[in-house]
Amino acid sequence: VNALDLSMRAQVAAIAAGDVDAAELLDATLARIEERNPAINAVVATFPEESRAMLAEAPAGPLHGVPVVIKDEWPLPWRAQRFGAAQLLAPTAPGESGPYRALRDAGAVIVGVGNMHELGSGSTGNVSVYGAARNPWDTERCPGGSSSGPAAATAARLVAGAVGADGLGSVRFPAAYCGLTGLKPTFGRSAMAGHHMAAVTTLIVSGPLCADAADCRLLGSALFGEDLSAGNAAGLRIGVVRDTVSEDVAPEVAEACEAAIEALRAETGGEVVEVELAGLDAATLAAILTINTESLVGVTPERLNDLDPEVSPINRGFAKYRMLLPAAATVQAGRVRTLMRRRLAALFEEVDVIAWPTIPAVAPPLEAPMVELPSGTQTADQANVRGAALANLTGIPAISVPVGLGSEGLPIALQMQGAWGSDALLLDAAEALERANDRRWVDARPPLAQAEPTGV
Amino acid sequence: MEAADQAEQFIPAGLASLQIEADEIELAVINAAHQMFWPAIRALLSLDLGDLEPERDPDLSRPPVQP
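Sequence order for the protein chains is A and B. If you're matching positions, the first sequence starts at 71 in my numbering and goes up one per residue. If you're matching positions, the second sequence starts at -8 in my numbering and goes up one per residue.
Isolated chain A (complex conformation) (with noise of 0.2 Å):
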């Protein structure tokens, strides 16, 4: 097997274990990325020379030589995030980021920067100042967002793992578009900072996208700076939602997804408790709102005035109206937020994980990102966030976990939502989801990844 096509996990043994060598295996990378990427765009910068000092640098740490792509949302000592965006509203600059100093420490190489949905703002990647990122499943597809790159990336491996953020389902929408595995942390437990946000977000988290939850757990570990010890989900008390995010979905995702509940309780001799949670629409709001106030930070109206006309005019017409927005309603936004805590405090008695579709439905047009419900034709975005925004305001981790494929062959996802701290369970039950359904999910390849490989 081509090491380019190997598990980050086993790129990390064999590395180790001497039959792969690193230096090798990063020039690969980057050929590989010059071969796969104009199909893509999914890796808007490289640059080798910096990734071949990393390596020469690089510890004997648990992710020892193996190359990563990291979204273009931290500053790296030589490069500047640019947010997937013309012009920021924030100050950035070059600088050793959070997650830049967890891959270093861990070995890891930083082989290319993921391109990303232009300032973080959409579900879908097709809006980035370097281009639409494009699904490796079907390059006419969105590949989600906004961490799109990371995702395209991986999905067509370009590399094993990549790393994304996370403020309102950055990481697990497309995790799900893509046919990965994508893990939002629990809020402050994985590394941020550099983030040009960081000092005033209370959503945002970096988190790893990766084939599969056990390289999730490897590369989840660096970001953590801690080890995601893999544990038993045996008896897992699963709660489903009988809401508009399990009920307002395509039909062939609420079947593949009742079908991996159902997998996921069996295997762990578990079981499914129907559980209330009201208030879903007002966290949504809720989540959407502390947001867009924090990304006010440093914003003046003079600064919106002269906002680069390459801006996407959606969000230059976006960051005016947040200017808008009445102060009471993210003053109610922070009582809803704690509700929604409470709640979720209560629910985490009943039950270990509460689960419902990542997305309603499959990946969309890049050209027209709209969504067929059975509520009607939505926006991917507008249908995508009611499923993702509650674990950002309340701070709990979530996973999102391949499930199947559609009738058009794309990848449909199950979301599981635990406790705050409740990561490593969450990375259990993402196993157990695998065992159960044989791996078929986290092992298939889209076509782009089973082009003709290159060596190593």
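The set of hints was computed from the structure by calculation and includes no laboratory data. Computed from a predicted structure; not experimentally measured. Just so you know, not all the hints are guaranteed correct.
To be verified - If the Cβ cut is set under 7 Å, some of the chain B residues that face chain A in the computed set are:
id: 1; residue: Gly5
id: 2; residue: Ile11
id: 3; residue: Leu43
id: 4; residue: Glu46
id: 5; residue: Ser52
id: 6; residue: Arg53
We treat Cβ as the ideally placed atom computed from N, Cα and C, and that holds for glycine.
Please build the complex by placing chain B on the supplied structure of chain A, with the hints as guidance.
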């Protein structure tokens, strides 16, 4: 002036009072965003949460401290 007419002035008046300029396309985006969000914002503002007070400086990595 009717309340509905005044509401229609919210966007242009708000932008003007902050001296924020917007071209035609940006205005179309702003109006679309307003139509999408404002009814939900009004509903949120009207939500009766009783005497619930937000957590003071919550630690979002942990469960809420019970009152």
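Contradicted hints - numbers only: none
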